[in-house]
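*Asks:* Listed below, chain by chain, are the residues.
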Amino acid sequence: MTVAMEAQLGARGPAWRDVATKVVLALASLGILFIAWIMYGVGQALFGACLVMLALAFFVIYGFRRYYFARFIFPGAAAVLLFVAFPVIYTIYLGFTNYSSFNLLTFERAQEVLLSSRVIDEDSRRPFALVGEGDEYRVFLPEGEGGFLSDPFPLDGEPISVSAAAVDAPPAATLEMRDVVALRDPLSRVDVTLPNEMVLRASGLREFAFVEPVFQEIEDGRLENVQTGAILTPNQNVGFYQTAEGTNVTPGWRVFIGSGNFERIAQSQGIRGPLVGIFIWTITFAVASTVLCFAVGLLLATILQWEHMRFRALYRILLILPYAVPGFISILVFRGLFNQNFGEINLILSAVFGIRPSWFTDPFLARAMLLMVNVWLGYPYMMLLAMGFLQSVPQEQKKAAILEGAGALRVFFTITLPQILPPFLPLLLATFAFNFNNIVLILLLTTGGPDIPGTVIPAGQTDILGSFTFRIAFMDSGQQFGLAGAITLIIFLVVSAIAYANFVALRRTAQKG
Amino acid sequence: MIVENKRSLLVKKIAAHTFLLAFLAVIMFPFLMVVSISFREGNFSVGTLIPQNPTLEHWYLAFGLEYTRANGTVVQPPYPVLLWMWNSIKLGVISAAGALAIATISAYALSRIQFRGRMAFLDSLLIIQMFPTTLALVALFAIFDTMGDISPIIGIDSHVSLILVYLSGVMMHIWTIKGYFDSIDPALDKAAAIDGATPWQTFRFVFLPLAVPIMSVVFVLVFIGVVNDYPIASILLRSEENMTLATGSRFYLSQFEYRWGDFAAAAILSGVPITIVFLIAQRYLVSGLSEGSVKG
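Note that the protein sequences, when read in sequence, are chains A and B. The first sequence runs 1 to 513 under full-length UniProt numbering. The second sequence runs 1 to 296 under full-length UniProt numbering.
Note that these hints are calculated values from the structure, not bench results. Using N, Cα and C, we set each Cβ at its ideal position, and we do this for glycine too. Some clues are possibly wrong.
[What the hints assert, rightly or not] Take a look, some chain B residues computed to stay more than 12 Å from chain A by CB distance: (1) N53; (2) P54; (3) Y60.
[To be verified] Part of the chain A face toward chain B, derived, beta carbon under 8 Å: (4) L94; (5) E197; (6) V325; (7) I329; (8) V333; (9) L444; (10) F470.
The following block holds chain B by itself, in its conformation from the complex:
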């Protein structure tokens, strides 16, 4: 576009690439280290960054298998990583499905049905959504502690309680889906109404099929949010077999038992699938956050 000096352009290009490469080296350092540590013998650093005697011990343990060392000692896996992963996935899928159902129905109503207090409802959703869960933790604990007196299913250390809390995190997603519904041509629902469809039928047979792309995005977002949640899960879950990845992983690096090598393998095992899901979804994530929320 603008005529630039070829030489100065080349210098600039080299400078830019050098900067980015140096920056990336710093950013990538933790990832490379974790891979190296997961193959290193023992749980303490031994003075070298690249393992001298690579071992699969940590990986065996991460997959929940026994490992027999060269000298014959058998090592048992310290924590049920695969079980925690299963818990995380289970909670994530159920919460995401539930939150999606609630968010889609509400978003349809907010986009298409004119009722009194609609704008007030939208505004309050937007404001409530800005309050972090941190504010509610004490009460959530107190509530479920009490509910446990009625039935342990809705008490502390129950996955049902946790799902109930996760279901409530739908406000942001109502906005995202509403933004999508707003962009659907109103002629479609008029046509449906003329054919005799009730609003519910219009939603079920016209809007739902159209919303599949945005719904899959929201599903992934809720799923990732649930898998990554630490504060709520850490106050509501107690026993080791109920833990999620986020709450269980911290045991590896406690002051009393430092399992750095075992943690590295477990971290890669559990981190890679979530990272891939996230990388696929990230395009939509950013557009949803910056667009969906401002369309009033």
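Next comes chain A alone, as it looks inside the complex:
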């Protein structure tokens, strides 16, 4: 087969087609390179470099017949590298930076923000009036009997600078206040220069004033406060401008802080304490979910496999319903059913037993509820798999054992289970890995709550590592992407271990089969 295909490679199309293909490819590659250049422009050299490599690979693979076979793999490999491998590595890299809502920008952008901050000189405040002249306007700044009248200018939203000259009397007609209000936005972009070179800007609805920048840049990227003369020094170790006393000035920028986040995790009792608890609960949750789902699924599969059973097909379809309903819907349904005051489960419990368990505020009950819901969601998958594997267990061995006088339980544990466990192992490991990161369940059902008291960052009794990270990064604690990245590394190590074990188990199964 391979030989035959290589023979085909000699057969080329017409020369013009070859050239045309190359031109199109070169243009496409140039397009990607252009985007890469823009990326570099906005301070994302890393993304830019990735795109340059992508463009290069694209051109080489589709431009030269030598790499004919790689053309089939390229789209898949590019998708996996760009949106799976790269993001995972990049997340972990972010774990070594201080990326957060306080240090969101690049250095250049943070500096721009500080340089563009303005302060109004209170002494220079003076009222103004707006004069309409056809499509154009003039600003009148009264002073004594007369005042200053600016040159006419259009108010189209573009920044504009006009000069004003002294006049003896105020203009005959000025615009009403409500008309001025409507023009407030374009008016704020107008600079009026007085004869004494002072530049005034709108500082309110009724006033113009001298508006000056707070900071000006001096050497080495340092900033000087124009009014007080205080110096701000950029500190590239913490990603903030600092005053002489060492106080940080927001906004900060992203810097590499090495193991800073990890030291924070290790040293702060308010983070380390909950993290250890969350880690233990994550493992407990994943193991318990896997084992319970497996046990329930296997039990049901065994019953359904029994040849004397009637309505097996009907039972089967009803039993897999929880698996078929979209997970996010089922989880939210349970959230409502378990509700402390309005939920139907407590309605029944209080009618029958007179109790109203607080499912969402008691740590133990919240965890129990998560496990119940997760077994409900997860057993059908195990049941379906188990039904497949049970069929492959030879009947003769079971018969022989029964003839020897073994009971049904004994047959199950000594013959059936040992035979289905090895092929089941990779799938059990996969289920464990899935539950280890089952953040959808946690986020939609309990959002991690109830909270663990005395923590630095919000952490809940039912949080697993993944949902904890999600909350640090995207929910109530200020987008601490750096810290989230650091915790992601911990998850990554655990998942890697599981993935490797799973890989080995799969290889073994494949060799035996």
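Please arrange chain B on chain A, whose structure you already have, making use of the hints.
*Replies:* Chain B alone, transformed into the frame defined by chain A:
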């Protein structure tokens, strides 16, 4: 097969059916409750499990229609459920088509073309596929936040960005389709090669028509995966009109606005179609998961 006592067999049968029926009663409880709640008045439980004054209010609202109560007050639908459903379906279909194209081509190459590093590539796919998206969320947010500076189309709160991410979830499916291609007789592609077909032509005219069954299965799998996705969509989508069902539905049960009845109707409306699609596809799902992945 084995001679069993008739009486003990009967007892066993009754025990098995009783157990299954009791189990099913517990399992079915949430479904029955949701149906009942969707017809019940108001958004809070009123002390009975079966609605006393059944109302279609929640259903009107779920379909995006106004509802006029008996006392004349007009209720507006709280959330655009049908729009969210349309978003979910749109994202699902486009992502599934794209992922299918990528997966099928890659699977063909991995099944039929001997190139250096093929086994390494297969192994790395298998391993990468085990890493959950959870690990990449922070970076995905950072990447698209930055890309938004270039064009909002590939930024946060854009469906294009979301589709790009979903397209990358093809590894599992490459394995599934490859397993299927492996089972196709090599004589077929030899015959095609002898007739002068290039590998691309062999793929296009021999393999693609043969792969239609497995491709439809993978299409449904990706579709369901996208519709069910919560974490990625929840970090990349912001505005209400861009939400998918999975990200929007949670608004119904927030701490500040508890719309239990409205949610029940919306949940049934959006859940039933997906459930039916899933039930049709589930046979293939399990066989694909347990077989496709182990054939090395």
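*Asks:* Is the hint on E197/A kept, meaning its closest Cβ partner in chain B is under 8 Å away?
*Replies:* Not OK, violated: E197/A not within 8 Å of chain B, min 37 Å.
*Asks:* Closer than 8 Å between Cβ atoms is the bar; does V325/A clear it against chain B? Give me holds or violated.
*Replies:* Holds, because the Cβ-Cβ distance from V325/A to chain B comes to roughly 5 Å (cut-off 8 Å).
*Asks:* Quick check for students: does the CB of P54/B sit more than 12 Å from each CB in chain A?
*Replies:* Given a closest Cβ separation of 16 Å, the condition holds.
*Asks:* Would you say Y60/B is clear of chain A, with no C-beta pair closer than or equal to 12 Å?
*Replies:* holds, 20 Å
*Asks:* Quick check on the hint: V333/A CB to chain B CB, less than 8 Å?
*Replies:* Cβ of V333/A sits 5 Å from chain B, so the hint holds.
*Asks:* With chain B as the partner, please determine if L444/A meets the hint condition of a C-beta pair closer than 8 Å.
*Replies:* Result: holds, 6 Å to nearest chain B Cβ.
*Asks:* Close enough to count: is the Cβ of I329/A nearer than 8 Å to one in chain B?
*Replies:* holds, 5 Å
*Asks:* Can you verify the interface hint for F470/A: is its Cβ closer than 8 Å to any Cβ in chain B?
*Replies:* Since chain B brings a Cβ to about 7 Å from F470/A, closer than 8 Å, the hint holds.
*Asks:* Grab the minimum C-beta distance from L94/A to chain B and call the hint holds if it beats 8 Å, violated otherwise.
*Replies:* holds, 6 Å
*Asks:* Is N53/B truly not at the interface, in the sense that its beta carbon sits beyond 12 Å from all beta carbons of chain A?
*Replies:* For N53/B, whose nearest Cβ neighbour in chain A is about 17 Å away, the distance exceeds 12 Å, so it holds.
When each numbered hint is compared with the structure, a violation occurs for hint 5 only.
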